[in-house]
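Engineer: Here is what each chain is made of, one letter per residue.
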Amino acid sequence: MALFALRRLVLAIPLLIGITFISFLVIQLAPGGPFDYLRTDSTSQDPKLIERLNKEYGLDQPTYVQYWRWLNRIVFLDFGRSFQPDSKPVMTKIGERLPITLLLNLVQMFIIVALAIPIGVTSATRQYSLFDKVTTVFVFVGFATPDFWLALLLMILFGVQLDWLPISGLRSLNYEYMSFWQQQRDFLSHLVLPVSVVVFTGLAGLSRYMRQSMLEVIRQDYVQTARAKGLPEPVVIGKHALRNALLPVVTILGLSLPSLIGGSVIIESIFAIPGMGQLMVQSVFSRDYPVIMGNLVIVATLTLLANLLADIAYGLVDPRIRFASRRRR
Amino acid sequence: MLASPRARRGEIRQFWRTFSRNQLALCGGVVVGLLVAIAILAPALSPWNPDKPDTKRILEGPSAKHWLGTDQIGRDVLSRLLYGSRISLAVGFVSMGIAVLIGILLGAMAGYHGGIVDAFVMRLVDLMLVFPRFFLLLAVLAFLKPSIWTIMAVIGLTGWMGVTRLVRAEFLTLREREFVIWSESIGAGAVRVIFKHILPNAIAPVLVAMTLGIPAAILTESGLSFLGLGVQPPYATWGNILNDGKELITYAWWLTLYPGLAILITVLSYNLLGEGIRDALDPRLRQSTVGRVLRLGR
Numbered sequence: 069m070a071l072f073a074l075r076r077l078v079l080a081i082p083l084l085i086g087i088t089f090i091s092f093l094v095i096q097l098a099p100g101g102p103f104d105y106l107r108t109d110s111t112s113q114d115p116k117l118i119e120r121l122n123k124e125y126g127l128d129q130p131t132y133v134q135y136w137r138w139l140n141r142i143v144f145l146d147f148g149r150s151f152q153p154d155s156k157p158v159m160t161k162i163g164e165r166l167p168i169t170l171l172l173n174l175v176q177m178f179i180i181v182a183l184a185i186p187i188g189v190t191s192a193t194r195q196y197s198l199f200d201k202v203t204t205v206f207v208f209v210g211f212a213t214p215d216f217w218l219a220l221l222l223m224i225l226f227g228v229q230l231d232w233l234p235i236s237g238l239r240s241l242n243y244e245y246m247s248f249w250q251q252q253r254d255f256l257s258h259l260v261l262p263v264s265v266v267v268f269t270g271l272a273g274l275s276r277y278m279r280q281s282m283l284e285v286i287r288q289d290y291v292q293t294a295r296a297k298g299l300p301e302p303v304v305i306g307k308h309a310l311r312n313a314l315l316p317v318v319t320i321l322g323l324s325l326p327s328l329i330g331g332s333v334i335i336e337s338i339f340a341i342p343g344m345g346q347l348m349v350q351s352v353f354s355r356d357y358p359v360i361m362g363n364l365v366i367v368a369t370l371t372l373l374a375n376l377l378a379d380i381a382y383g384l385v386d387p388r389i390r391f392a393s394r395r396r397r
Numbered sequence: 003m004l005a006s007p008r009a010r011r012g013e014i015r016q017f018w019r020t021f022s023r024n025q026l027a028l029c030g031g032v033v034v035g036l037l038v039a040i041a042i043l044a045p046a047l048s049p050w051n052p053d054k055p056d057t058k059r060i061l062e063g064p065s066a067k068h069w070l071g072t073d074q075i076g077r078d079v080l081s082r083l084l085y086g087s088r089i090s091l092a093v094g095f096v097s098m099g100i101a102v103l104i105g106i107l108l109g110a111m112a113g114y115h116g117g118i119v120d121a122f123v124m125r126l127v128d129l130m131l132v133f134p135r136f137f138l139l140l141a142v143l144a145f146l147k148p149s150i151w152t153i154m155a156v157i158g159l160t161g162w163m164g165v166t167r168l169v170r171a172e173f174l175t176l177r178e179r180e181f182v183i184w185s186e187s188i189g190a191g192a193v194r195v196i197f198k199h200i201l202p203n204a205i206a207p208v209l210v211a212m213t214l215g216i217p218a219a220i221l222t223e224s225g226l227s228f229l230g231l232g233v234q235p236p237y238a239t240w241g242n243i244l245n246d247g248k249e250l251i252t253y254a255w256w257l258t259l260y261p262g263l264a265i266l267i268t269v270l271s272y273n274l275l276g277e278g279i280r281d282a283l284d285p286r287l288r289q290s291t292v293g294r295v296l297r298l299g300r
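First to last, the protein sequences are chains A and B.
Residues in the first sequence are numbered consecutively from 69, following this note's numbering.
Residues in the second sequence are numbered consecutively from 3, following this note's numbering.
Hints listed in this document are in silico derivations from the structure and should not be mistaken for laboratory results.
Fair warning: there could be bad hints in the mix.
Stated by the list, open to error - A partial selection of chain A residues facing chain B, derived with a Cβ cut-off under 10 Å:
| id | residue |
| --- | --- |
| 1 | 136 |
| 2 | 209 |
| 3 | 216 |
| 4 | 227 |
| 5 | 344 |
| 6 | 351 |
| 7 | 356 |
| 8 | 361 |
| 9 | 375 |
From a predicted model like this one, the values you see are computed outputs, not experimental measurements.
Using N, Cα and C, we set each Cβ at its ideal position, and we do this for glycine too.
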């Protein structure tokens with residue numbers, strides 16, 4: 069098992085280098101360099117400014133030299149400083165935002181899994197029942213619903229019309245003056261809307277995979293055998309079928325992580341949640357390019373790590389994967 | 003080629019028989035057809051000029067004159083929605099076209115040649131899938147001049163991974179088949195074998211991928227426009243109208259409700275159509291990963 073995990077880890081190294089390469093390529097996309105936009109409002113600008121900035125950031129060097137220097141710095145997580153007036157180091161900025169995005173995504177992921185598994189299993193074991201039909205409709209609508217639109221509708225309904233829930237930020241203005249438990253309640257009530265939106269759209273996908281996977285497993289011989297030897301149905305489904313049906317779902321979960329994290333761009337900017345997604349949108353609007361690059365590298369690296377964990381978890385629960393990969397490679 | 007013209011015709015008849023029994027897919031197809039017609043006929047259908055402000059009628063709710071109300075500078079929302087369907091459709095088709103083209107080329111190369119080419123292409127796919135899509139899109143758009151062409155190109159260039167995987171998987175099985183080995187043995191070159199012999203047989207999943215790729219691109223574009231980073235005003239797009247409405251949700255719900263409904267209906271009908279085509283083209287595919295792989299691209 070340790071060997072399997074190690075092998076996966078080694079395979080991730082080229083991907084890690086690839087992440088830095090693609091991110092670097094994105095900077096190179098800027099025609100005339102990342103500072104070229106300063107030219108447009110050059111009325112009061114120092115004509116030598118762009119030249120100076122390019123020199124300061126080493127952009128006058130050949131591309132491969134730039135890449136190599138940049139790579140050498142980001143090994144130590146040094147992404148430079150933000151262009152914003154506060155000119156904080158990029159890593160400090162990301163460090164402030166990252167825990168919020170991670171927390172939100174973990175909560176969302178947990179709720180999605182907790183709901184999707186029972187829904188998927190139920191609609192598979194009662195295929196074509198009313199429950200199955202209703203969830204199928206729900207799945208199709210869930211796939212087609214733009215998350216930002218759903219967020220706005222829920223804001224109108226629960227935030228404005230009914231005034232039940234706060235619609236922006238993570239804390240109320242009078243947070244400082246609350247007792248400890250009031251603070252917890254306040255924080256949780258701020259999470260309800262953003263989390264519900266992501267859960268609704270994410271649930272559609274995962275419950276569908278769960279249903280599909282369960283349908284495939286139920287037809288297998290070993291499930292028939294379990295039934296034939298007189299085991300009660302809940303044991304057949306809950307123990308023999310479910311365990312095997314969950315295997316592909318582990319992979320799907322790992323693979324759907326990028327879209328979940330990517331979704332935080334929109335959700336965080338709608339609900340004014342100070343996470344990575346909002347930071348990304350703000351930096352794009354202010355062309356704060358060290359922050360953009362840092363964000364891209366960190367988010368991709370985290371996704372890679374999460375995929376790696378999912379991979380290893382898969383190997384842990386399914387011995388066939390461990391042995392097959394040994395034979396193949 | 004495996005299938006003679008007559009066998010082809012039989013296949014098409016078989017396809018239609020299965021497809022036409024699927025009422026949801028038929029509905030999806032009809033709505034998709036209507037949407038295309040609306041996009042083409044938008045100038046004739048629009049009751050008002052979509053770009054003409056009317057300062058006397060700012061933020062009016064739905065009425066007999068303006069069925070879906072007016073926006074913050076008095077433009078008719080219905081007309082803007084009708085014109086917006088043109089942008090959505092154009093972005094959907096072109097981005098999907100770019101993605102599918104790249105997907106077919108890379109997938110065919112990987113699946114046909116195997117070995118180091120395959121390893122390289124698949125690592126590239128893995129690499130691109132590690133980037134959360136919206137972060138990558140935003141990073142690229144930060145440095146480019148926003149225009150409808152940039153948006154199309156960028157959505158296409160970040161959405162080819164699912165198709166590549168599909169095409170590769172098809173090629174892996176097809177290249178071992180007798181008719182491929184036979185044509186290779188009489189000296190057909192790689193390009194000929196790939197495009198003349200294998201690709202026509204691998205077209206079913208590609209067709210499904212195309213149908214399901216359009217709504218995915220439409221959703222992405224509207225998301226970008228909603229953030230203000232997509233197709234720029236004064237173009238009327240569904241995402242732009244939602245972006246306008248975002249600041250006004252307390253007064254003007256119609257600016258939010260209708261464009262979102264338009265997106266929902268469009269995406270839903272393309273998805274129903276796509277799934278219907280998949281089920282009818284090849285019962286084998288019903289249980290397969292076509293939908294799964296593509297859906298993850300969202």
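Engineer: For every hint, state whether the structure bears it out.
Structural biologist: We went through each hint and held it up to the structure:
1. 136: Residue 136 of chain A check fails; min Cβ-Cβ to chain B is 20 Å, beyond 10 Å.
2. 209: 7 Å, holds
3. 216: 5 Å, holds
4. 227: Status holds, d = 9 Å.
5. 344: 8 Å, holds
6. 351: Holds - the Cβ of residue 351 of chain A comes within 10 Å of chain B, reaching about 8 Å at its closest.
7. 356: 9 Å, holds
8. 361: Where the cut-off is 10 Å and the nearest Cβ of chain B is about 7 Å from residue 361 of chain A, the hint holds.
9. 375: Since chain B brings a Cβ to about 7 Å from residue 375 of chain A, closer than 10 Å, the hint holds.
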